[in-house]
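J.: Chain by chain, the residues:
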Amino acid sequence: MRPDASSDLSWLALRYICGELSDAETAAFELRLDEDQAAREAVARAVELAGAVVSLPRDASQILPAPRRPLVATVPRWILAIAASALFLIALRSVWHDRSHPTAKPAAPSAALALAWSGVHEDEDKTADLLEWLDAAPQGVETHLAAVDTATVSDSDVPDWMLEAGSLTGSAGLSERKEN
Amino acid sequence: MREPEDHLRLQPLEEGSAGRGTLEPSRVESLFHEHAMEVRRFVLGIVRDPEVAADVLQSTFAKVVESGHTARAETLKGWLFRVAYHEALTARRRDQTRAEGQRKLASFCTNTSDRPEDRLIQGETIEAVRKALDDLPNEQRRVVWARLYEDKTFATIAQEFGVPLGTVLTRMRLALDKMRRSLGTGV
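These protein sequence lines map, in sequence, to chains A and B.
The numbering used here puts the first residue of the first sequence at 1, with every later residue one more than the last.
The numbering used here puts the first residue of the second sequence at 1, with every later residue one more than the last.
Just so you know, these hints were derived from the structure itself, not from any lab.
The beta-carbon is built from N, C-alpha and C at its ideal position, and this holds for glycine as well.
One or more hints might be untrue.
[Claimed, not checked] According to the in silico footprint, chain A covers these stretches of chain B (three or more CB under 8 Å from chain A):
#1 26 to 34
#2 59 to 69
#3 121 to 134
[Claimed, not checked] The following label-pair restraints were derived from C-beta to C-beta distances:
#4 A:Glu25 to B:Pro164: 34 to 40 Å
#5 B:His33 to A:Ala5: 28 to 34 Å
#6 B:Thr75 to A:Arg77: 20 to 26 Å
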């Protein structure tokens with residue numbers, strides 16, 4: 001008998017003694033038992049295997065408890081479908097809202113930032129002490145920040161709005177505003 | 001594996017032919033020692049009742065004494081099993097109180113005798129099965145344990161484990177193949 005045929009027969013015999021065959025399968029197998037000695041011996045082996053397992057003490061094998069079913073498996077599918085739909089709708093609404101209200105998110109135009117940045121220098125007197133305190137290294141604390149070499153900083157590293165603000169500070173724009 | 005009909009026919013004893021029409025007692029004894037336990041397990045698989053199986057075994061060997069001489073020596077084992085099968089079917093039909101196929105494995109597969117020679121399952125077989133069981137992957141071992149030890153149906157196991165029935169059947173079959181290989185041809 002081929003190995004796979006032997007495996008098939010053992011499987012059939014085990015299901016037979018476990019009462020796991022359908023009526024039709026049982027009838028067919030019992031017809032086979034009438035003439036097939038290998039099938040009869042397979043039944044005897046299946047009983048021996050089942051009997052050996054049944055004879056084991058409860059803690060004989062390191063039997064782990066049945067795995068807990070994952071949450072997804074315990075929640076009804078219709079609830080999962082509703083939850084997924086709700087999430088999708090929320091995401092869709094968020095995208096739609098962003099597109100229909102572009103001003104909702106604050107834009108940072110260069111001119112506006114430049115104006116704000118230049119305004120800082122208008123209050124230089126008020127903030128001079130604060131800036132001096134910020135620039136000074138704290139006493140008793142070693143700084144690990146490397147000094148920035150201005151020569152290595154290229155123009156491309158500086159944002160446009162900051163360059164524009166710098167030009168405003170030293171130009172007539174600032175003077176005009178001071179006059180105002 | 002079909003035995004020729006002439007080997008299976010159970011011929012009545014000829015009157016006054018004791019010794020000529022029966023199998024020799026030593027041969028019957030030898031047959032009993034060689035095959036009785038295997039026949040008993042086979043019969044248990046059919047009738048699923050230890051008491052009925054014991055009766056069937058007895059009546060089977062009574063037939064051996066009466067008609068064993070009609071079987072060829074090389075097919076005697078097959079003949080013996082076939083006689084036992086017909087005796088088992090007869091007994092099963094007679095036993096109307098038994099719910100066919102519904103008996104628990106534990107009720108008919110366990111050892112019912114304290115005498116080692118009468119035990120259905122030998123101690124070494126139990127130990128070998130325990131080792132084979134321990135060698136199985138967890139998911140396969142759990143299915144084997146649930147089906148054979150706890151006597152749960154495959155459908156119940158699938159439901160409890162939260163896996164498809166096909167997965168449970170595949171795990172059980174893989175486990176069975178591995179255990180058969182581990183145990184050699186013994187089981």
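J.: Confirm or reject each hint.
T.: Now the hints, each set against the structure:
1. 26 to 34: violated (count 0)
2. 59 to 69: violated (count 0)
3. 121 to 134: holds (count 8)
4. A:Glu25 to B:Pro164: 34 to 40 Å: 20 Å, violated
5. B:His33 to A:Ala5: 28 to 34 Å: 30 Å, holds
6. B:Thr75 to A:Arg77: 20 to 26 Å: Check failed, 58 Å falls outside 20 to 26 Å.
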